[in-house]
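Peer 1: Chains as they are written, first to last, in this note's numbering: chain S, 1 to 218; chain X, 1 to 564.
By construction, these hints were calculated from the structure, which means they are not laboratory data. There could be a bad hint or two in this list.
In silico DSS-like links for lysine-lysine, alpha-carbon gap of 30 angstroms or less [to be verified]:
1) S:31 to S:177
2) X:87 to X:428
3) S:31 to X:515
4) X:515 to X:122
5) X:7 to X:87
6) X:515 to X:180
7) X:428 to X:515
8) S:31 to X:180
9) X:122 to X:428
10) X:515 to S:177
11) X:151 to X:165
12) X:428 to S:31
13) X:87 to S:177
14) X:180 to X:428
15) S:31 to S:75
16) X:87 to X:122
17) X:428 to X:151
18) X:87 to X:151
19) X:87 to X:165
20) X:428 to S:177
21) X:122 to S:177
Everything numeric in this text was worked out from a predicted model, so none of it was measured.
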Amino acid sequence: MSWSLNEIESLARKAARGAGLSWGLAEEAGKATRWLTAAGLPGPQALADLLTRNDGADYDALCPVEAREAHWVAKGGTLCPLIAGAALCDHAEALAAGDDMTLGQTASPMLLLPYLAAAARLTGRGLRVSWGELTVTLDADMDLQPANANALHAPMADSVRIVCTDTRLPDAPPPAKGRGQMPPDVQHRLTTFAQRTYAPATEASRLAGAGAGLTDND
Amino acid sequence: MEQTQSKTIAPRDPAVVMQLGRLGSFHQSRLSFMRILLRRMEAEAWTFDRPVFDIDARGVGRAVYSAHGPERSYSLVAFANDLPPEKRSDRVIATEWDATFTLFDGVPTTADLDRLQNNVPKQEAGRVSERELSLSRANRSVRLWDYVVGKLAAGEQPDQTTVEKVGYLMRTTAVYGSGKFGAADREDTADRAEFQAPFQIEMLSVFLTRAFVMDLVEHMAQLRAPDTAVPLDPDLRRRFGIGNSTGLGMAPFLLTHPALLNSWIAAREEALARIRSLPDAHPSEVDIFRSFALRARLHTQDWYSDHPVQIAKLDDLRADTAALLAHLDSVELTADYPWNRLWLWAESALSVEGQELLASLLLEPYPHLVDGLSSCMAADETATWRIDGAMSSTRLRALIEDIYSWALDTDWTTPEAQARVWYTSEEKLEPRLGDRFDEPVEPYEQPLCPGRDAARMYSDLCATSETTVAGFLMRHPEHRHIVRRAQITARLPYAEIRDNTIADTVMPIDMLRLKLSFFGACHFDPRSDRWVRITMYQHAPFPHELGSRSGDDWAYPFLTGGAA
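One chain only, chain X, in its complex shape (with noise of 0.2 angstroms):
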């Protein structure tokens, strides 16, 4: 019998995957969490009511948006302000909202909803109990609020490039989740097979807060002009996404979560493998394959940004498309494993932000073969946690050596090598980012620079006349954290970003990017080095309208501005 040659092509090199000028190039794809959550809800005919909804001319108010799942209901409590212009701020230092949240678990009594009134829109100084799942606060887009409100007063729809400009009305500035302030913890729901994927919780309140905003614009247009407002067309509708506006909380989450990191980065990687491993596509695959990248031309022109890095990405990464386009004009694609062929191509004619997006296009033609994949996403922390003390010295200096080769070469005794702080500002405790040299900020660095304390570790480690770990650690306590992360990415290959997060080259927005894009956020916008503005579930259908269309297919613009 004949012997079939077959190649399998594996996952690429954590030390390529892991530096943050990758990461920070990163796209949505078919495991993003809010994907993961449509497909699902769609999948299982979640309904959607909204028992309350009670907002005054001023815009003030409350309202309740209800999903029910085929065991279980959760409800998005809504609170809304009149704010005064001045206090509007994205900052986790602000005090005062547009609009306020919690996701409970269940539907909320009367009673319910006039506890968290005393709590939800105050958020940091509130508290909320084990019944709330989710704290969070939105702030309006003034430049697009008033400008939809005023023409649908008026009974116009807003411009669809006006609309697309911004994105969204109102953007999050933060979405709380487990434990935080006295919700309930992440394990306490992490058995339900509805949050079984990473952070579920956060992105069916961010989906509900969605359909709130809209209803709540349609009304304020409402009540200033009951004669003549209109609501929006139901296609312009879901160019809205909602926006969210993030600084460097986000960064030390990655850090502080290693296996966690880990599943999400292994599952992109081993989707993207397994179709790098095909030997060859169905032409109705490649057709596939072929609108979706051109729907994803449509998206980088959609997609704005002031910021300069940005600008000159989003000039490559158009360039990229253009380059991708003609490509597939020129290739076979059917045989000879087609997608290895591709990306081997891309790898010398595409920047990083092309690769990144071609590595997440890849994936849409194959649901079958990545879509799994969701359910390794998530990760037990514990598992992997503690110290093996037994391991021998020897072989923890062969894994640093192997790990954080790129932090042996640095030469960590330059300013520029260490130039940042990472800090906790005693100020609402907002995460910042200080100048080491120019800053008295350096006695509460925080444990996120890996590669320096590595360096200093295997140092001391070379030193030693310890033999295991166990000794090595009872003499240096102060290595203990940095023993623990090269003990786990040594089975979790992915668990360590590798490369220098202190840096006077460091961007921020790269570890944030990361993680928003496994959320499934588009349009990165930076404001700076350490803050980005983003787009969630633009294009999505509302609530009600999943069923009638795909919770999958809305992630690229569609190409006639239609179907699903």
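The shape of chain S in the complex, shown without the other chains (with noise of 0.2 angstroms):
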């Protein structure tokens, strides 16, 4: 069974914001998992995987703080993608205008690459991102099926640098297409974060919360 996109959007995004996010972020969230999942990138699985670890974990200590000059690090000592993913496409003209950025310690480090892209896109300067043995480059011709799958997948890099290239993108490409896969533990995992965000059905809710009339039969 696959899934059209829109429903990996919105359950990723419900999913974040169960798991604390705030609505923003979680709307972001649900862009970076789409983008990754038409991508051909296992998103719903890199989403889950990191929600479960930053489960109950503060704002404060999972954002960026500036620890000396384009070096980002986070207080409780692992930055979170998304958080930082946000941040930087934030920074978009900084990173085009040649501000190279260094994160410390990040957690999921294949969820930045959405934002970076939407950076790229946004100033239409290319981006290359690196975490261990892995480079990637956001440009027109984005390889996001290196040799080193371990590395894109990891599950923790100790330090990423994002670098401006020279190449200027072309106009925005259409929307992407395509279906996406879920295994049904990943389903599992972020259904139960998204629960959190529904209100529980009580009688008086049901009666008065929609506002229909007491019949239909008519």
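Got two chains here, each in a separate frame; can you build the complex from them with the hints?
Peer 2: So this is what it looks like as structure tokens:
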């Protein structure tokens, strides 16, 4: 069975919110998961693993602080790629202007890629990101199936480096099409996080909350 | 050479247009999605057939209605059910329906039908695939269904007034598109010309559903009394639309698709501004307008509701149409910016319902100025979605002061200002509206209250020492969604509802009506402040009539009951 990209984005957004991210960050986590899925990468799996890891952690422990110029680390030791990714995208202009960035220890670094691809799109300048043995270039000819798949799917990177390339990106491509796969355990974990955003059913809310009439048998 | 003086009227101020009371008074127009669809299918000479119709005497079985365009075919696959009356509910939480549907991409094989038969009748509890473009269901109007079957079986035609008081034999209770429950994403088909405009898949599905429902009622009468049954008279048959019953599920969509909302409103406002900017009008155009004003009066007379708010609005609207027709007899409309003069008169003479009806009516004589705008009504949300972190905090403050000035003037500490909470129930994920101070639902609040959130963000923004949006959001992730909305609205002025969506006085039906009016729906009949029934495609040609009857000129009743 395959999933539509909209289903995956919607589930990912709700799961990220259920795991404690703000609505704005959760919206971007949904888009990031969709982007990875459309690119043929296991976005839902990476998100489920990350949310499981960070469940209950404070935002302040996960968010980037500037340890020294152009070097971000997390107070709690490990950066969340959903928070750091959004912040990097917010700094798209600085990245395009040649301000290279390094991140300290970062969980599920693959989840940074959609944010950096968006930053590249915003400014029209390609970006190159590397961790461990892996380098991914985010420009017109993005190669997201590198030989070193283990590094791509790594649960943790000691550091991540982001530099601007000299390439100019062409106009934005049409929105990605495709379908996604979610192993049952991944779907289950994401659904469990998403459930936290739903109010428990009560008789009062069933009657009043939707405001339908008492009978539709007319 | 003499200089020609001409003036251009600007589109209306979003601060005026984007208020709930006005949005909740919108009417269908030339830019409605149903009319866009039928104009296209007529112009491209689409053909239609019914390869399968296999329904037994209990009303159980399946049918397929195919539409063939220049490049592709689509098929409505319908499953009819013998529903016990106690199970009939229009709510999302229902689990069985009188009929269920999917729009199939192409013409289905028997194997496809068998697969769909195991899933479509279950709706949310089933799964469809990327070959399916929509998923929907409908319930009978019990009051009219049994009456019409009985009359036809007895060889008689139903009474026209009885038909018009309800307006449909079945009402759809959800039409899911874009990737829901496994269906194809909108992105998969958005590059097809026939689906460039918004909601064309859903409108095609409903157009074919109406044809199925009318065939089914005649079929049931035929099976009941083969010797005496008659089909419906074709003119009376077109007086049946297809109903829809909808609750809060539609409202969040408007807030989660800001660029799309802007496209819809901007197209309509641009159309209105173009017509107000015309320095003169040909007498034939004035005649067309007058004829549509007369037809609109008929429409208001055929519009029934039991809801006190809508009854009052209908009283106003009927008075407005009378005032408009009287005014038309007293003014010269061929010169001196006639439509702008009429509009300025209406701003003080008509209620908001009447003004918005006029806005729709003014588009009718000018297809060459209006219809092309239908190609501007889609939107790529991603183009404006990313936050501009380099924006200065000062600039963001100025944006908030402009876009959300009403919200900065609101005292959010009063219970009335934030009396409601939008939330999702775990029960079939039904969207609901709760009372913040009486129900334990606040922890589940959805981000559907931009005014309050903008005011909260503004307060922190005034106190921050961060000079850029990027720096501010690093400290305040809770404001990220509203910063996005403000930046989108700075570029797309009609992207935001500039009104309080959580006030004690909020009428969610205003948001539903806004969306439904762009679909082309009529006869808004609220059942409460958060639930509305409507009619679609009333007076429209059926698929087999398209070509011999206009695909565009049907949205108002005909003055003499006939021609098109």
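Peer 1: Would you mind marking each hint as holding or not holding in the structure?
Peer 2: Checked hints:
Straight-line distance between C-alpha atoms of residue 31 of chain S and residue 177 of chain S comes to about 13 angstroms, which keeps the hinted pair within the 30 angstroms bound. As the CA atoms of residue 87 of chain X and residue 428 of chain X are separated by approximately 16 angstroms, the hinted pair is consistent with the 30 angstroms bound. A distance of roughly 25 angstroms separates the Cα atoms of residue 31 of chain S and residue 515 of chain X; the hinted pair therefore holds under the 30 angstroms criterion. For a cut-off of 30 angstroms, the pair hint linking residue 515 of chain X to residue 122 of chain X stands: about 27 angstroms separates their Cα positions.
The suggested pairing of residue 7 of chain X with residue 87 of chain X is violated, with an alpha-carbon distance near 60 angstroms, which exceeds 30 angstroms. With a C-alpha separation of about 19 angstroms, the suggested pair residue 515 of chain X and residue 180 of chain X falls inside the 30 angstroms cut-off, and the hint holds. At roughly 23 angstroms between alpha-carbon atoms, residue 428 of chain X and residue 515 of chain X fall within 30 angstroms of each other, so this suggested pair holds. Simply put, residue 31 of chain S and residue 180 of chain X have alpha-carbon atoms about 16 angstroms apart, close enough for the 30 angstroms limit, and the pair holds.
For the suggested pair residue 122 of chain X and residue 428 of chain X, the alpha carbons sit about 13 angstroms apart, so the restraint of at most 30 angstroms is met. Simply put, residue 515 of chain X and residue 177 of chain S have alpha-carbon atoms about 26 angstroms apart, close enough for the 30 angstroms limit, and the pair holds. Between residue 151 of chain X and residue 165 of chain X the CA atoms are separated by roughly 17 angstroms; this keeps the pair inside 30 angstroms, and the hint holds. Of the pairs offered as hints, the one joining residue 428 of chain X and residue 31 of chain S holds, with about 24 angstroms between alpha carbons and a cut-off of 30 angstroms not exceeded.
Straight-line distance between C-alpha atoms of residue 87 of chain X and residue 177 of chain S comes to about 39 angstroms, which puts the hinted pair past the 30 angstroms bound. Only pairs whose Cα atoms come within 30 angstroms are accepted, and residue 180 of chain X paired with residue 428 of chain X is accepted, the gap being roughly 14 angstroms. With a C-alpha separation of about 26 angstroms, the suggested pair residue 31 of chain S and residue 75 of chain S falls inside the 30 angstroms cut-off, and the hint holds. With a CA separation close to 14 angstroms, the supplied pair residue 87 of chain X and residue 122 of chain X stays within the 30 angstroms bound.
In summary, the hint linking residue 428 of chain X to residue 151 of chain X is not supported, as the alpha carbons are separated by about 39 angstroms, beyond the 30 angstroms threshold. At most 30 angstroms may separate the alpha-carbon atoms for a hinted pair to count; residue 87 of chain X and residue 151 of chain X meet this at roughly 26 angstroms. The hinted pair formed by residue 87 of chain X and residue 165 of chain X meets the criterion: a straight-line CA distance of about 24 angstroms does not exceed 30 angstroms. Only pairs whose Cα atoms come within 30 angstroms are accepted, and residue 428 of chain X paired with residue 177 of chain S is accepted, the gap being roughly 28 angstroms.
As the CA atoms of residue 122 of chain X and residue 177 of chain S are separated by approximately 27 angstroms, the hinted pair is consistent with the 30 angstroms bound.
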